[in-house]
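Trainee: Each chain is listed here by its residues.
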Amino acid sequence: MIQEIAIRLNGEVRRAAVAPNETLLDVLRGKFGVKTPKEGCGRGDCGACTVLLDGKAVRSCLILAIEVDGQSVVTLEGVGRDKPTALQKAFVKNNVFQCGFCAPGMILSSAALLAENPQPTEHEVREALAGNLCRCTGYEPIVQTVLAVAKKSAKKKPAARRARS
Amino acid sequence: MSKTKIVGNSSVRVDGLAKVTGAAQYVDDLDFGPGLLHAVVVESTRAHAKLKKVDVSAAAKAPGVVRVVTGKDFPYMFGLYMQDRYIFAQDRVRFVGEQIAAVVAETPEAALRAAKLVKVDYEELPAVLSLADALKKDAVLIHPHLDRYNKVPWFFPRAGTNIAHWRKTRKGDVEKGFQQADFILEDVYTVPRYAHCPIETHAVTGLFDLSGRLTLWASSQSPFAQRNVMATALKPFGLTHKDIRIVTPYVGGGFGGKAGVSMEIIAAVLAIAMKGRPVKLNWTREQEFMNTSQRQGVIARVKMGVKKTGQIVALEHTLHWDAGASAEYGANVVNAVGLSATGPYRVPNVKIDSVCVYTNMPPCGAYRGFGYSEFHFGLESHITRVAQAIGMDPVKFRRLNAIQEGDVLAYGAHMNPGDLRGAIDRVAKEIRWGKKEKAKPGKAVGKSLACFWKAPAMPPNASSAAFLKFNEDGSLNLTVSGMEIGQGFLTVMAQCAAEVLTVPVEKIRVETPDTDRNPYEWQTVGSHVTWSCGNAVRAAAEEVKTKLLATVARAKGLKAEDLYLADECVKSRQDKKFALPFRSFVIDGIMRPNGNFIGGPIQGTGMFMPEFTSALGDPETSQGGHPNVHYTVGCAGAIVEVDKETGKLTVLKTALAVDAGKAINPELVDGQIVGGIVQGLATALYEDIRYGANGRLLNPNFTDYKIPTALDCPGEIVPIILETAQPDGPFGARGVGEHTMVACAPMIADAIADAVGVRLKTMPLTAEKVALALRGIDYETVKGDSLGFCFRGRPCDYPFAVGGAK
Ligand code: FES
Ligand code: FES
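Taken in sequence, the protein lines are chains A and B. Going by our numbering, the final residue of the first sequence carries number 165, and the count climbs one at a time with no gaps. Going by our numbering, the final residue of the second sequence carries number 806, and the count climbs one at a time with no gaps.
Just chain A, with the same shape it has in the complex (with noise of 0.2 Å):
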């Protein structure tokens, strides 16, 4: 049966009509033309297709569209649209991506685990990262950036990171 649905993508309501068995990830590239989540393994291996639903990072592979009706939805598309985060930035600096085909899951995957916890250790990053599969970088650029934005972040706004935590 196919079923409207509405969801808050990237701060915009979208409706599209969608059959229970289609994924979140096919409705967002195909139905949304919202391309930054990508399908490396369609089984929930890789973590490329990462989105944020409702704050968390989930594998939108693995997520029927039907099921996300009425929740909010952030892809890469979302993320610094008008000036790129310190996140984005701090990658583009130290050359952290290299074929680039990981970082929309690995952007969002981080930005979930800073507003979770602010100030993470090593381990609680590379735990955080463990579901989005890289070939390139060995991932080690990956982790020092999250961990030195986020220690950048503690100068800047110690308020802030006490509030949220």
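Hints listed in this document are in silico derivations from the structure and should not be mistaken for laboratory results. Incorrect hints may appear among the rest.
Where chain A lies over chain B, by a calculated footprint (3+ residues, C-beta under 8 Å) [unchecked claim]:
#1 249-257
#2 426-435
#3 485-493
#4 610-624
#5 668-682
What follows is a set of in silico ranges between Cβ atoms, one per label pair, in the way DEER data are often shown [to be verified]:
#6 646(B) - 54(A): 53 to 63 Å
#7 54(A) - 703(B): 19 to 29 Å
#8 12(A) - 23(B): 17 to 27 Å
Calculated lysine-lysine pairs in the DSS-like style (CA-CA distance at most 30 Å, straight line) [to be verified]:
#9 93(A) - 5(B)
#10 83(A) - 507(B)
#11 31(A) - 83(A)
#12 31(A) - 116(B)
#13 53(B) - 93(A)
#14 653(B) - 93(A)
#15 56(A) - 706(B)
#16 176(B) - 235(B)
#17 443(B) - 152(A)
#18 396(B) - 436(B)
#19 507(B) - 89(A)
#20 436(B) - 507(B)
#21 93(A) - 469(B)
#22 116(B) - 93(A)
#23 31(A) - 469(B)
#24 89(A) - 275(B)
#25 31(A) - 72(B)
#26 303(B) - 61(B)
#27 653(B) - 151(A)
#28 644(B) - 706(B)
#29 119(B) - 275(B)
#30 469(B) - 438(B)
#31 72(B) - 3(B)
Keep in mind that this is a model prediction, so the values were computed, not measured. All C-beta atoms, glycine included, are put in the ideal place defined by N, C-alpha and C.
Mind docking chain B with the ligands on chain A? Use the hints.
Mentor: Only chain B with the ligands this time, still in chain A's reference frame:
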């Protein structure tokens, strides 16, 4: 070499912002509108069988289906170095997963459903799943018409056998060498197949428009090689090179797997079948494993003779490669190893036999390292054992035998500059070689150091070209056709142009290629584009520079010799105050007092071909040619902790030194080192491909075929860059991309041996194998019958004489 200002700096990647904002487009991100059709391929379920009947009638009638195509529609062959691959299986299938037919439908779901309705009648043939079977006297032939295939002149297939190519290299007198030796060690090492695992799978959309031109948007490392292979294979459709256009947006990882042509040609013919409508063909992760190209498995026997004093006097290296069902690319891997399997050492007497063998396994081809990772596993393991056997420190042994500039290579040419000894010293220091580390209770700590070398394997006339053109504001567009596969190629090319023209990197736009508009590049493989295309870009920039100077000289009545470029201006040595900004004249010219304008749009072209190379060595000895342009050398070391109970390995620290000649962008070189080490460690520690006894791949997904996550990385990675200029490289640079994974596997094997005294000779080097060995159990006796390698017995029993290799 004069001092550089931009080359040598870690400029920010030109594609950096596009990749973190999501602006970077990959093939599947492109939109083709509602006319787009979707294709799904019907695959063989048998490893070797005659195709009796392919019944597509039910599929053709299924809802949403517009066309079903089989081998009857496209009975053509293709291949990069040898045309031994079929667009669709013809009278027989040769591996599980081979494409038999394709369904084209309005939606992916309709295509998938219909593909299941295609009925294939097989008549089983004996499947050749073991190298020994493939090479025995009365072996079942996988390519009965091997003698008819088109191929490059440096391949030597043996008609009437399963041998696709046999590279022989002979130097000195190996028998005499062994007679002079004080100590000889001979042993067998095996390396299974591996999969590339780019996170983006192969994806391509093709359009054969109503005027008869074919455009493919492909995730590819090789747009021009693809165009050429397609123009050759698709000649029957009247397609010429100018009628075929390959557009290659960003690629989500290549690692050699997207070099040459594999599934792209299927999309090409489906587009031809569906004239006027675009057809999309995306590989699933499972297909990415099964039907592109894997890294070949190899069984290698190393026999080395040394003097008491440590000099290597003789090496006999015999390698049998499991190429799978086609060898159109893999045979060149075998060839490359056949020329270079001495490793980076001086060896006076050499006998190498590198034999490429067809089997009924999925086809193999290029994979980062191009055979060097595979042979270094045995060779470097062996070297440590030989050194220890004569009571010499393995690092000292390597240092003593390390190859140096001017040394005679196995095929007779001379070694290029490269500081292997410097690399050894730096890495040894970094891992505190010779110092015993304390281990935690229940653990043991081992150390190791392994060397590597690698040369690009390319035809002697592989070439590069570049175009540069100025814009009104003094910014530039640079077009090249090397691929940005993540290594940072576009950035490095911009840096080369920027250096010559004194323009900031940010003012140069350089994007991924389109064969219609961009100049020629052979392929982005072999870690050769920085060197080769860098030379072309430099030449283009020099041409632009000459035009800048000449234009100003002519317009201002000055001597071009007195002029130079600095800070985006033409300046004069005679008049310190003279400075003409590029933006003031590079398009509109320079006005003379009478109102005439001098000049015009300034642009330049550059090309490069390594004119000193030749593939025409003697087939029996490989002497006489000059097949390789240069080698990049280096070494890697590790400190590894072994759990004595579970066998679990933890890499506490690794360091890798590579002689880049000149690191045009050191941060990008570091990126290659760190990424390469982790990929190399993955082949040693995690990736464990398994085939069932019927030739079916058992773990074509990331649940069962483990690649490292952020939690599976070494505690510390130290990248070290050495710079001994490559005289014919751009600013002295040579390639480093593949090299960084080559030494990783033997490095781990040696560290395990150092820690717990266990010598593993079959990859991968899993905890399971270590734990078994620690209990005195030989893995070979308990390994079961699912294997990643095409030999099911004990490696020590492998009949190397089969096929006449002895
Ligand atoms: S595509 Fe969703 S996890 Fe891989
Ligand atoms: S940068 Fe290529 S997969 Fe991460």
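Trainee: Taking the hints in turn, state whether each one holds.
Mentor: Checked hints:
Counting residues of the segment 249-257 of chain B whose CB lies closer than 8 Å to any CB of chain A gives 6, which reaches the minimum of 3, so the coverage claim holds. Three residues within the 8 Å Cβ limit are the bar, and the segment 426-435 of chain B against chain A gives 0, so the coverage statement is violated. Counting residues of the segment 485-493 of chain B whose beta carbon lies closer than 8 Å to any beta carbon of chain A gives 4, which reaches the threshold of three, so the coverage claim holds. Counting residues of the segment 610-624 of chain B whose CB lies closer than 8 Å to any CB of chain A gives 0, which falls below the minimum of 3, so the coverage claim is violated.
With 8 residues bearing a CB less than 8 Å from a CB of chain A, the segment 668-682 of chain B meets the requirement of three and the coverage assertion stands. Judged by the Cβ atoms, the range 53 to 63 Å given for residue 646(B) and residue 54(A) is violated: they are separated by roughly 40 Å. For the pair residue 54(A) and residue 703(B), the supplied restraint of 19 to 29 Å holds, since their beta-carbon distance comes to about 27 Å. Between residue 12(A) and residue 23(B) the beta carbons are some 19 Å apart, a value that agrees with the proposed interval 17 to 27 Å.
Distance hint between residue 93(A) and residue 5(B) is fulfilled; the C-alpha atoms sit about 19 Å from each other, no more than 30 Å. Among the hinted pairs, residue 83(A) with residue 507(B) is consistent with the structure: their alpha-carbon atoms are about 20 Å apart, no more than 30 Å. In summary, the hint linking residue 31(A) to residue 83(A) is supported, as the alpha carbons are separated by about 26 Å, within the 30 Å threshold. Only pairs whose Cα atoms come within 30 Å are accepted, and residue 31(A) paired with residue 116(B) is accepted, the gap being roughly 26 Å.
A distance of roughly 58 Å separates the Cα atoms of residue 53(B) and residue 93(A); the hinted pair therefore is violated under the 30 Å criterion. For the hint linking residue 653(B) to residue 93(A), the alpha-carbon distance of about 26 Å falls within 30 Å, and the restraint holds. Distance check on the hinted pair: residue 56(A) and residue 706(B) sit about 25 Å apart at the alpha-carbon level, within 30 Å; holds. Between residue 176(B) and residue 235(B), the direct Cα distance comes to roughly 53 Å. Violation of the 30 Å bound is thereby established for this hinted pair.
Our distance criterion of 30 Å between C-alpha atoms is broken by residue 443(B) and residue 152(A), whose separation comes to about 38 Å. Taken as a hint, the residue 396(B) and residue 436(B) pair is honoured in the structure, with Cα atoms around 17 Å apart against an allowance of 30 Å. At roughly 19 Å between alpha-carbon atoms, residue 507(B) and residue 89(A) fall within 30 Å of each other, so this suggested pair holds. Of the pairs offered as hints, the one joining residue 436(B) and residue 507(B) is violated, with about 52 Å between alpha carbons and a cut-off of 30 Å exceeded.
Simply put, residue 93(A) and residue 469(B) have alpha-carbon atoms about 27 Å apart, close enough for the 30 Å limit, and the pair holds. Between residue 116(B) and residue 93(A), the direct Cα distance comes to roughly 49 Å. Violation of the 30 Å bound is thereby established for this hinted pair. Of the pairs offered as hints, the one joining residue 31(A) and residue 469(B) is violated, with about 39 Å between alpha carbons and a cut-off of 30 Å exceeded. Distance restraint check for residue 89(A) and residue 275(B): the Cα-Cα separation of roughly 45 Å exceeds the 30 Å cut-off, and the hinted pair is therefore not satisfied.
This hinted pair does not check out: residue 31(A) and residue 72(B) have alpha carbons roughly 37 Å apart, beyond 30 Å. The hinted pair formed by residue 303(B) and residue 61(B) fails the criterion: a straight-line CA distance of about 61 Å is larger than 30 Å. About 25 Å separates the Cα atoms of residue 653(B) and residue 151(A), which keeps this hinted pair within 30 Å; it holds. With a C-alpha separation of about 23 Å, the suggested pairing of residue 644(B) with residue 706(B) holds against the 30 Å cut-off.
Taken as a hint, the residue 119(B) and residue 275(B) pair is honoured in the structure, with Cα atoms around 26 Å apart against an allowance of 30 Å. Our distance criterion of 30 Å between C-alpha atoms is broken by residue 469(B) and residue 438(B), whose separation comes to about 60 Å. For the suggested pair residue 72(B) and residue 3(B), the alpha carbons sit about 62 Å apart, so the restraint of at most 30 Å is broken.
Consistency note: the structure conflicts with the earlier hints numbered 2, 4, 6, 13, 16, 17, 20, 22, 23, 24, 25, 26, 30 and 31.
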